[in-house]
Amino acid sequence: MKDVRLLTEMFIPGALVGPFTQAHPGLGGVCTFVGEVRGGEGQDAKDDWGVEALELSHYEPLTLPTMETLADSAIERFDLMGLLMVHRVGKMRVGEPIVCVSAAARHRRGAIDAVDFCMDHLKAAAWFWKREKRADGWHWIEPRSDDYADLARWSE
Amino acid sequence: MAVKIIFLGPLRDMAGMDSTQVEAPLDWARLLKAVGEDIAAQLQEERVNIACGGRVLSDKTELQASDGDEVALLPPVSGG
Numbered sequence: 001m002k003d004v005r006l007l008t009e010m011f012i013p014g015a016l017v018g019p020f021t022q023a024h025p026g027l028g029g030v031c032t033f034v035g036e037v038r039g040g041e042g043q044d045a046k047d048d049w050g051v052e053a054l055e056l057s058h059y060e061p062l063t064l065p066t067m068e069t070l071a072d073s074a075i076e077r078f079d080l081m082g083l084l085m086v087h088r089v090g091k092m093r094v095g096e097p098i099v100c101v102s103a104a105a106r107h108r109r110g111a112i113d114a115v116d117f118c119m120d121h122l123k124a125a126a127w128f129w130k131r132e133k134r135a136d137g138w139h140w141i142e143p144r145s146d147d148y149a150d151l152a153r154w155s156e
Numbered sequence: 001m002a003v004k005i006i007f008l009g010p011l012r013d014m015a016g017m018d019s020t021q022v023e024a025p026l027d028w029a030r031l032l033k034a035v036g037e038d039i040a041a042q043l044q045e046e047r048v049n050i051a052c053g054g055r056v057l058s059d060k061t062e063l064q065a066s067d068g069d070e071v072a073l074l075p076p077v078s079g080g
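Protein sequences appear in the order of chains A and B.
Here our numbering is used: the first residue of the first sequence is 1, the next is one more, and so on.
Here our numbering is used: the first residue of the second sequence is 1, the next is one more, and so on.
Hints are computed from structural coordinates only; laboratory data are not their basis.
The hints are all genuine.
If you want the footprint, here are the derived chain B segments under chain A, 3+ residues with CB under 8 Å:
hint, segment
1, 1–13
2, 49–56
3, 64–78
C-beta: ideal position from N, C-alpha, C; glycine also.
Given the sequences, and given the hints that come with them, work out the whole structure.
Dropping the structure here:
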């Protein structure tokens, strides 16, 4: 089962992952990743300091079709029984989930790698634009070079 | 009829609007003139893409937009 969604409202990952897991009797493993809006406390997280809100924008004609294509390639590449891929758009507050990817497979390695693969592509190659609100206003977030390096791991 | 140009991400702030309409047809040279100097400079960077009619162009300089097309200007993404 492939379930790919763009959501404009806050979601509870567990409420989606539970039924998704139930829908795949006979699976060997489920791996789930949930990304949340980082609060940025402490001096180590200098870049994140003071984030009050985050906004993700997308481009309707491209964003969802690209996620569908990504899901299809993950299902094929990792021989998945099912894949859940949910991404928020719009304004979010600290602690709210942004993204949830869950993969069901007969064996653990496929499930774990599929989630890793999907997240690297969602970070660096899906049509989303992120900006953060700090005390002095909104700031667009540039992709980091680490994101591209992570993505490059999957090209053959 | 016209071509609709959509500004995405930081380009939206730079343009000061979400979208604009220009007369068709629209090619690469006319697009650069239509969007103003700052955005034209961005478009010439390799990491900025262009989509026409919901398809990302492999070579943006070959843009050929006609009546009713939507041309989206796509700066580098940051999702997840």
